[in-house]
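Asks: Sequence:
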Amino acid sequence: MEKKMYMTEAQALSEANRCLHCYEAPCKSACPAGVNVPQFINRIATCDWVGAAQTIKESNPLGLVCGLVCPSAELCRKDCNCGKLGESIRISDLQAYAMQKAVERGNSWTATADSKKDARVAVIGGGPSGLVAAALLAAKGYGVTLFEKADHLGGVPMDEIPNERLDKAMFDKEIAQLLSGGVEVCLNATIDAAKAAEISAQYDAVYVACGLGDPYAGFETDAEGVMSAEAFLRLANSGKLTSVSGTVFVQGGGNTALDAAVTAKKLGAERSIICYRRSQVEMPAWEDEFVSAVKDGVEFLFQTQVLGADEKNGKVAGAVLAPVALGEADASGRRKPVVQEDKQYTVAGSMILTATGKKKNAELLRAFDADKTFVGGDAQNGGATVVQAVAEAKKAVEAIDSKLSK
250 MEKKMYMTEA QALSEANRCL HCYEAPCKSA CPAGVNVPQF INRIATCDWV GAAQTIKESN
310 PLGLVCGLVC PSAELCRKDC NCGKLGESIR ISDLQAYAMQ KAVERGNSWT ATADSKKDAR
370 VAVIGGGPSG LVAAALLAAK GYGVTLFEKA DHLGGVPMDE IPNERLDKAM FDKEIAQLLS
430 GGVEVCLNAT IDAAKAAEIS AQYDAVYVAC GLGDPYAGFE TDAEGVMSAE AFLRLANSGK
490 LTSVSGTVFV QGGGNTALDA AVTAKKLGAE RSIICYRRSQ VEMPAWEDEF VSAVKDGVEF
550 LFQTQVLGAD EKNGKVAGAV LAPVALGEAD ASGRRKPVVQ EDKQYTVAGS MILTATGKKK
610 NAELLRAFDA DKTFVGGDAQ NGGATVVQAV AEAKKAVEAI DSKLSK
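Under our numbering, the first residue of the sequence shown carries the number 250, and numbering increases by one thereafter.
Hints in this document: simulated from the structure, not taken from any laboratory. Hints are not guaranteed to be accurate.
Unchecked claim - Dumping the calculated DSSO-like pairs for lysine-lysine here, alpha-carbon to alpha-carbon at most 30 Å: (1) Lys644 - Lys365; (2) Lys417 - Lys366; (3) Lys621 - Lys608; (4) Lys643 - Lys327; (5) Lys644 - Lys621; (6) Lys561 - Lys585; (7) Lys365 - Lys398; (8) Lys643 - Lys422; (9) Lys327 - Lys253; (10) Lys585 - Lys607; (11) Lys489 - Lys561; (12) Lys655 - Lys422; (13) Lys398 - Lys585; (14) Lys253 - Lys366; (15) Lys655 - Lys444; (16) Lys398 - Lys277; (17) Lys365 - Lys253; (18) Lys621 - Lys609; (19) Lys417 - Lys489; (20) Lys398 - Lys444; (21) Lys544 - Lys607; (22) Lys621 - Lys417; (23) Lys655 - Lys607; (24) Lys544 - Lys515; (25) Lys444 - Lys643; (26) Lys607 - Lys327; (27) Lys655 - Lys621; (28) Lys652 - Lys398.
Quantities reported herein were computed from a predicted structural model and do not represent experimental measurements.
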């Protein structure tokens with residue numbers, strides 16, 4: 250059965266009334282954005298929906314999207330004291346429900362500047378970190394211009410998270426309300442070295458939250474049917490790709506790989522197989538995502554590497570695979586994969602998706618004036634959660650305000 254995106258009011262009230270309202274709540278300290286979880290849950294329990302949303306927004310201006318996609322089992326729910334007695338509180342679901350009501354009311358973000366400042370700040374990137382930084386800076390009175398290379402805002406969550414996991418229409422509304430405090434938005438704004446120098450000269454500070462660059466290729470081929478998992482998800486989410494057939498192979502073990510494999514299955518793939526070069530224990534994908542993918546029919550080949558495509562008439566006819574032995578632990582603490590290419594074999598298939606990470610925009614970062622530049626989001630952390638991007642934006646805004654106030 251497909252999981253509903255939002256709770257019902259009855260479910261929210263029942264769940265909120267299970268909370269123990271701990272004095273030193275581990276859920277609050279585990280939230281990167283510092284949301285006062287017990288307080289907003291208590292307000293839900295008393296049907297104070299406006300107060301619940303306001304408590305969330307005070308710490309996390311993107312409370313809706315975080316409620317829908319945050320890995321709560323890895324963060325706020327992990328040490329929930331209710332979990333020691335049974336099931337932990339469904340914190341993210343409660344947050345999503347409270348924020349859904351707030352966005353529908355049209356008041357998901359209400360901060361306005363007390364006074365205008367002369368300083369101007371440029372924000373590079375319209376993903377979660379850039380959006381939050383722009384809104385908070387505008388709320389402090391700065392003139393803010395947000396530059397986004399795409400023709401829309403929202404970044405990776407909008408483009409690459411499957412539509413059934415994130416309410417894109419509501420996310421759009423949340424963004425519009427977030428930026429309603431006077432942020433100037435420039436879409437289709439590609440930033441090269443010359444433009445970066447121009448922005449550095451025109452603005453008093455620059456927050457670079459441009460995300461990551463192009464995905465790593467994995468292996469070289471021009472065969473039709475090979476693409477990055479990120480490109481595949483963008484096509485599927487936009488409706489430009491509506492069906493898939495045959496067997497789809499996905500190389501990688503992160504959440505993007507799982508999203509791509511599940512999406513392929515839902516688009517009609519007979520088999521959707523994730524090939525991960527280490528073991529299940531070392532797979533970086535969140536446990537909840539793994540369990541969900543298994544339920545959706547995704548198959549897993551652990552300690553397996555995709556070496557390339559078996560091509561026929563310029564199209565993928567299969568995947569060339571090889572077993573992987575695990576050696577000593579590397580710098581990450583995980584065992585080093587040793588691909589056994591002499592034992593390679595071919596399995597018939599129609600598509601190969603690579604989900605092996607993205608490159609950093611190091612060249613773009615260097616193009617800005619270092620004395621004026623602050624970096625956050627995926628551009629800083631290499632790719633993390635939406636709530637982490639929010640937390641980094643908040644820290645950057647305080648640092649920018651501190652510098653410009655002097």
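Asks: In ascending order, which of the hints set out earlier in this document are inconsistent with the structure?
Replies: Of the numbered hints given earlier, those the structure breaks are 2, 6, 12, 13, 14, 16, 17, 22, 23, listed in rising order.
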